[in-house]
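**Student:** Spelled out from the first residue to the last, the chains are:
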Amino acid sequence: MSRRETIWWLVAAAGILLYTLFPVAWIVSLSFKSSADIANGQFLPTVFAAENYATIFTGDAAELFLPALRNSFGICLIATAISCVLAMFAAYAIARLDFPGKKLILSTALAVAIFPVISIVTPLFNLWRQVGLYDTWPGLILPYLSLTLPISIWTLSAFFREIPWEMEEAAQVDGATTWQAFTKVIVPLAAPGVFTTAIIAFFLAWNDFVYGISLTSTGASRPVPAALGLFSGASQFESPNGPIAAAAVIVTIPVVVLVLIFQRRIVAGLTNGAVKG
Amino acid sequence: MASVEMRNIVKKYGDGFPAVNDVSLDIADGEFMILVGPSGCGKSTLLRMVVGLEDITSGDMIIGGQRVNDKAPRDRNLSMVFQNYALYPHLTVYENIAFPLRLKKADGDEIRRRVTEAADVLELHEHLERKPANLSGGQRQRVAMGRAIVRAADAFLFDEPLSNLDAKLRGQMRTEIARLQRRLGITTIYVTHDQTEAMTLGDRVCVLRKGLIQQVASPRELYEQPVNLFVAGFIGSPPMNFLPAKAHGGKLETPFGTIVLDQRRADAVGERDLVLVGIRPEYFEDASLVDEATRDVGTVFRATVDVTEWLGDSQYAYLPFDAPPEVAAQLRDLSRELDSDQLRTQAVVSIDAASRLREGQEAQFWLDSRKVHVFDPASGDNLTRDAEAGAELTRMAGEDRAAQVEQARAGALG
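Chains A and B supply the protein sequences, listed in that same order. Under this note's numbering, think of the first position of the first sequence as 895, with each following residue one higher. Under this note's numbering, think of the first position of the second sequence as 5, with each following residue one higher.
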């Protein structure tokens, strides 16, 4: 790369970083402004105040926010785990076996993924109330699976296709059953793919708002994005922007931490050295 | 240890194309059998049917006296080395080699002892704790072999194990495999498209073409008494030359003069308008370097040298000749089928390295007519094959082999 090209790359990268990170910076700055300071017309708060964080953890908003945080974590982790396990089997079959209807499964998964959530949420609301799933954890985990499973199946089957067939054949010749070959050889090799998939699935569930607001009514199962919408100011003349910003920062942290922990595993090509090369 | 028998094995794919067609082959206990042929001849498919990775459409696969058609690979007790090694990248070399033992739930001491033994044989000690990604091609190859020999398998299967190595390493590993097999005396089936590997390693070689067995014999028999045009052209490097000729009264009229046949071969050939005469490069010589004693058993002719290649220990000269168009087309088809693509009709002749023949010169050549073969161009059959002499060669190779195995086993015991 020539010097000129390098400079252009740097400029472009800086532009993109600014574009994507500015809203985040804004939210962080907003979360440190006191309620009187919010409309100060500047980017930075006049005085850094932790009052918004106090509000959501110990103050008025705590009874809305803390259960929601617990719900979000629980529901999203369970939905992610279930969808990863199911998607692993489905993707393995899709990548390895020839069976009738393989195309159908993949295209159905895609169709489910692009189906607008808002169009099924009303029927689901009625159905959940009838069967007693309304405002429960399973009542959210099930619809979240419909968000996370298609993308998990697609990404994982791409990962499984990358693993050389010979790995598994070698294991079988070495005396492994199909199950042993899967658990002892294929799963360890697919681990980076599974992590990637898990993170994507977790984000999808973590970010959901429509199901969260429509299928819950109390702190028993309401997730964070829905709870944020229900924040109210100290008086009716005060907007709850500060606490919302603080809560938004808090819920962003696990996402960032997850990516930082697993980025190396995601990037690492674990299959290096399996075959010639 | 076990024998492997194949009875009328057929493999058809979904489109009905028989990749392997009615193959019957007996591989004796302790024998080193090579499956060889150009790409797409079904040799790998056959191997994969032996190990159980490919279903058998019809026929019987019998290993150690038991029919194994319906057995899973893990129940056949065979070990296999794959073309691209198929090492487990998440395990160390030690664990890779130990993998089959771990699956059998062998105890820790047993595993350590057996892996150490295998590492001794293959000189892998200093690499045991490394991951496959950090090994060179030859080391990976040895790990794959370690994984194969670590358990007492009934037979070893190799699927083009050396094709990913560079030429020098390939030669070393070839001797390594030969040494290992002689030492362990285990039935081995080895798939390759490389005829050098086929000739040097095999007790017997099975030549396949489009799913059909052409000839199963010792390397010497394949070389001296090939059954047809395909085998003759496949075995030998540089390949056998095929000259068009007219057979008349015990003589062959070739572009390089007349060749006189002995009585047996003259009777076998009879009168024909067109035959193909197969002459190996080394049956030729620069006429000026042939001594008087042997000159009489051959024919002398004049030809123009197109190119010479001097290799130090030997020298090749290329002699173009004219062939009728249909023969030229047939020879081209044959060379294409043998994975090469010879564009012009020319003979490759091996001449003494001391010869001073150069490009463009016209010179006298001598050819030893005692060993030429005559082929029917339509069927490809070798008209002059001496089946008895061929069988004798294979029988002798078998005896040598039996003695070697005996010695190896006695050595292992003592």
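Keep in mind the hints are simulated off the structure, nothing from the lab. Wrong hints could be hidden among the right ones.
Unchecked claim - Each computed DSS-like pair below joins lysine-lysine, with the alpha-carbon atoms no more than 27 Å apart:
no.	chain 1	residue 1	chain 2	residue 2
1	A	Lys996	B	Lys109
2	B	Lys75	B	Lys108
3	A	Lys997	B	Lys109
4	B	Lys16	B	Lys255
5	A	Lys1078	B	Lys214
6	B	Lys135	B	Lys255
7	B	Lys135	B	Lys109
8	A	Lys1078	B	Lys172
9	A	Lys1078	B	Lys255
10	B	Lys135	A	Lys1078
Said to hold, decoys possible - Now the in silico label distances, taken between C-beta atoms and shown as ranges:
no.	chain 1	residue 1	chain 2	residue 2	range
11	B	Val14	A	Arg1055	40 to 48 Å
12	B	Pro328	A	Gly995	38 to 46 Å
13	B	Thr200	A	Gln1074	49 to 57 Å
14	B	Ala137	A	Gln1074	51 to 59 Å
15	B	Met5	A	Thr1002	48 to 56 Å
16	A	Val1025	B	Lys16	32 to 40 Å
17	A	Gln1074	B	Gln350	54 to 62 Å
18	B	Asp113	A	Val1025	35 to 43 Å
19	B	Asp113	A	Gln1074	47 to 55 Å
20	B	Asp74	A	Thr1016	21 to 29 Å
We treat Cβ as the ideally placed atom computed from N, Cα and C, and that holds for glycine.
**Student:** Confirm or reject each hint.
**Tutor:** Results of checking the hints against the structure:
1. A:Lys996 with B:Lys109: violated, 37 Å
2. B:Lys75 with B:Lys108: Cα-Cα ~17 Å, so holds.
3. A:Lys997 with B:Lys109: violated, 40 Å
4. B:Lys16 with B:Lys255: violated, 45 Å
5. A:Lys1078 with B:Lys214: violated, 38 Å
6. B:Lys135 with B:Lys255: With Cα atoms ~65 Å apart, Lys135 of chain B and Lys255 of chain B exceed 27 Å; violated.
7. B:Lys135 with B:Lys109: holds, 23 Å
8. A:Lys1078 with B:Lys172: Roughly 35 Å separates the two Cα atoms, so the pair is violated.
9. A:Lys1078 with B:Lys255: violated, 69 Å
10. B:Lys135 with A:Lys1078: holds, 16 Å
11. B:Val14 with A:Arg1055: 40 to 48 Å: The hinted range 40 to 48 Å is violated for Val14 of chain B and Arg1055 of chain A, with Cβ atoms some 31 Å apart.
12. B:Pro328 with A:Gly995: 38 to 46 Å: violated, 57 Å
13. B:Thr200 with A:Gln1074: 49 to 57 Å: violated, 38 Å
14. B:Ala137 with A:Gln1074: 51 to 59 Å: violated, 23 Å
15. B:Met5 with A:Thr1002: 48 to 56 Å: With a Cβ separation near 52 Å, Met5 of chain B and Thr1002 of chain A satisfy 48 to 56 Å, so the hint holds.
16. A:Val1025 with B:Lys16: 32 to 40 Å: 52 Å Cβ-Cβ, so the 32 to 40 Å window is violated.
17. A:Gln1074 with B:Gln350: 54 to 62 Å: holds, 57 Å
18. B:Asp113 with A:Val1025: 35 to 43 Å: violated, 58 Å
19. B:Asp113 with A:Gln1074: 47 to 55 Å: Violated, at about 23 Å.
20. B:Asp74 with A:Thr1016: 21 to 29 Å: violated, 55 Å
In summary, the structure is inconsistent with hints 1, 3, 4, 5, 6, 8, 9, 11, 12, 13, 14, 16, 18, 19 and 20 from the numbered list given earlier, while agreeing with the others.
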